[in-house]
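Trainee: Protein chains in written order, with the UniProt record's numbering: chain X, 1 to 274; chain Y, 1 to 314; chain S, 1 to 253.
Treat each hint with caution, since some may be false.
Some chain Y residues near chain S, calculated using beta-carbon distances under 10 Å [to be verified]:
id : residue
1  : G48
2  : G51
3  : G204
4  : P217
5  : Y218
6  : V309
Far from chain S, by Cβ distances over 12 Å, these chain X residues were calculated [stated by the list, open to error]:
id : residue
7  : N2
8  : I12
9  : Y18
10 : L19
11 : H34
12 : F48
13 : T49
14 : K50
15 : V67
16 : P102
17 : V125
18 : L128
19 : L183
20 : T264
Quick caveat, the hints were computed from the structure, so don't treat them as lab data. By construction, the Cβ of each residue, glycine as well, lies at the ideal position given by its N, Cα and C atoms.
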Amino acid sequence: MNLRRRYLRDRIMVAFVYLGTLVVLLPLGFILVHVFLSGVGALNWDFFTKPPAPPGEPGGGMLPAIVGTFVIDLMALAMGGALGLGGGVLMAEYPEHPLNRPLRLVANVLGGVPAILMGLFAFVVVVLPMGGFSAFSGSVALAVLMIPIIMRATEEVLRMLPWELREAGLALGLPRWRVTLSLVLPAAKGGIVTGLLLALARAAGEAAPLLFTAFGNSFLSFDPLGPMDSLPLKIYVYAISPYEDWIRQAWGAALLLVLLLMVTNYLARRAVRR
Amino acid sequence: MKARLYGKLGDALFTALLVALALGVLGVAGLLAWELWVGGAPAFRAFGFWGFTLSSEWNAVSERFGAWPFLIGTVVTSAAALILAFFPSLAAAIVVAEYAPRRLGEVVAYLIDLLAALPSVVYGLWGIFVLVPLVRDHVEQPLFLWSAEHAPALMGLLGPPTGIGMFSAVLVLALMILPYASSLARDAIRLVPREQREAMYALGATRWEVVRRVVLPYARGGIFAGVVLALARAIGETMAVTMLIGNSGQLPYSVFGPAATMASVIANEFTEAEGELHLASLLAVGFLLLLLSLAVNLIADFILRRMSVGEGRK
Amino acid sequence: MEALRMETENLTVYYGKHAGVRGVSLPVYDRTITALIGPSGCGKTTFLRALNRMHDLNPVVRVEGRVRLDDEDIYAPGVDPVVIRRKVGMVFQRPTPFPTMSIFENVVAGLRLVGVRDRDRLREVAERSLRQAALWDEVKDRLNEPAVGLSGGQQQRISIARALAVEPEVLLMDEPTSALDPISTQAIEDLLVDLKEQVTIVIVTHNMQQAARVSDRTAFFLDGEMIEFGPTEQLFTNPTDPRTEAYITGRFG
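Assemble the whole structure, with the sequences as input and the hints as a guide.
Mentor: So this is what it looks like as structure tokens:
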């Protein structure tokens with residue numbers, strides 16, 4: 001019997017798949033450790049409180065980029081959240097609505113559009129008409145990125161709720177909109193928040209859509225109609241710069257960004273559990 | 001009467017709001033494609049659609065633009081990254097979904113998701129300062145020196161051993177799509193019903209035989225669709241590639257040498273573009289990139305539909 | 001008296017800390033049909049799956065006691081579950097054709113495992129097994145079509161043919177007709193009676209009439225324990241335990 005040969009193959013494949021897993025995970029280990037070791041030294045008081053020093057001079061910090069990240073991403077979340085939630089609720093709660101077919105198509109298609117094209121889009125429809133780079137245009141680009149994620153997450157969560165929940169509400173004489181707002185959405189709150197946070201995390205790591213929209217700004221700015229900085233953008237600019245201190249700060253910014261994303265992802269996981 | 005008004009008017013307003021938001025979504029998507037097309041139109045008009053797509057000259061000074069080098073750069077780097085990533089990602093998916101004890105599987109799955117969430121710029125940063133020197137000193141230079149001595153004909157094919165170039169870009173790209181492809185394959189494998197596995201075990205199969213003859217065939221639709229989606233991801237990947245590929249407007253002629261992808265040329269040149277035609281050409285490249293990613297996504301959809309078995313379709 | 005084919009001795013199966021089956025000792029006689037009956041959750045399926053070491057696949061399940069197949073303890077150290085499952089086949093509650101394989105490939109899947117490549121041999125075995133499963137006439141002209149195109153009853157008979165193709169000594173069946181319509185059920189019951197000429201069958205069934213119709217001996221399970229075991233006719237007409245009587249007269253379950 002060739003049982004021994006079959007077992008040999010079985011063992012070899014065990015070795016192979018675990019080896020493959022190692023190939024996937026080892027780089028993660030390297031990258032995380034490296035980001036941590038190289039970045040932790042850059043995180044000091046100045047890093048969080050000062051604007052960047054002029055090119056070539058040591059010192060300075062990331063304050064504009066940190067503030068900008070939050071401003072741009074939260075504006076994007078407001079816009080993308082509204083559109084994505086609206087589309088998702090329509091798809092899940094009004095399954096008979098004629099807009100659902102094109103919406104579903106768009107949810108699929110938009111999710112596959114490269115992020116940089118969102119930047120081009122925002123450049124053409126916001127930056128050009130407004131005559132200059134702005135935080136708002138960056139938010140538009142990121143909002144488009146978020147829409148399909150939020151829409152699909154919302155639809156999925158709502159669909160998981162039993163249809164009887166709606167029927168129970170309707171049987172009480174509640175109109176459909178009250179059923180949606182007071183019964184369905186509260187019941188799906190955790191899952192919806194998870195979708196929003198995952199979309200936020202996804203967008204917050206993107207630099208490509210911001211290159212020619214938010215553009216970057218070395219000074220602290222709260223003006224949504226002017227250029228603004230962002231951590232991913234700053235990491236890119238500093239990484240390809242020739243200045244040692246900037247490169248050091250790029251690692252610090254990378255560490256900060258990774259930590260922020262991990263926290264966001266953690267919160268997203270927690271939200272769904274409740 | 002009042003209650004009726006409350007119900008009817010409320011319903012009307014609420015649906016109107018939802019429809020307005022939904023139309024917003026549709027409008028954004030339509031506008032995105034439309035604006036890229038309109039923005040790129042001057043370039044298509046100047047060189048013709050196929051003239052622009054298939055020409056390999058990209059010169060801002062002489063104002064001659066063609067997307068062919070970037071199209072080739074995109075396809076070659078993405079395909080190469082996918083080939084590198086395919087087996088490890090499938091292996092990791094098999095470990096998580098089939099082999100590992102539950103706790104270990106959860107930990108590995110979590111780490112893979114974490115890997116997928118790392119931003120592109122961080123991969124790029126790591127690539128520039130860790131991977132590039134490594135590749136330069138331990139792969140490219142030894143190979144280059146060896147070929148200089150033993151096979152000078154190869155030197156042109158290898159290209160300059162600077163570390164920056166296609167080779168490094170492909171490596172980072174492969175690392176970036178690994179977790180994505182793996183998590184999609186994992187989802188597909190998890191959809192395989194337990195009865196299918198048990199039926200094969202009951203015939204006296206070893207664990208690998210169950211995976212090879214039952215699990216993988218059953219999940220093939222999801223696995224291949226995932227692979228194609230990972231390819232789409234690689235095609236659109238911008239920052240890390242831009243930071244590592246060397247950004248050359250010429251057709252990539254060597255393994256180590258610089259090249260550019262559609263996404264990287266846009267990222268690299270857009271803010272510096274001077275002249276209407278240069279800008280329009282970059283938008284036209286964007287439009288082609290949109291077409292390419294849509295096509296690849298449609299293929300993924302098609303595969304999922306055609307190759308899936310049973311209720312395996314999502 | 002028939003020869004003993006399989007035997008369990010004080011078999012206990014734990015799910016974590018909970019014992020789903022407790023101290024069951026059951027003889028299985030050669031070329032007979034043994035039915036296991038009892039209400040849902042009584043442990044009969046759990047017991048059945050211990051007979052070909054299917055529980056090995058689930059790390060939280062632990063099996064204690066002895067299961068002997070031809071006087072060999074299948075849980076003894078050094079005994080390979082892969083070999084055991086080849087001798088003790090299994091048919092599941094729902095039909096499980098492999099959807100990516102043709103009818104033919106489904107039936108010979110077990111032979112492919114051990115590396116049989118000879119086309120003629122494979123065809124021969126496929127025909128024999130399909131005939132045994134009373135399916136040959138229905139599918140002989142479309143052996144290369146996908147097995148999932150067949151009806152539920154045909155799919156279940158494919159599963160049976162596939163299990164028979166490796167020539168097991170014992171065939172375990174876990175409610176094989178519970179997902180089927182009455183006509184398919186009838187076909188499979190007829191088949192079982194023919195099959196016992198060649199193979200020993202242990203069948204779990206939720207359906208007492210089915211047990212009464214096809215089996216030679218019946219074991220009644222309740223709450224993880226085997227309450228009563230005996231010739232089918234006796235168990236159904238003259239049960240010794242009041243709980244058995246309560247069950248077969250339909251007072252619970």
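Trainee: Run the structure past the numbered hints and jot down the numbers of the failing ones, going up.
Mentor: 1, 2, 7
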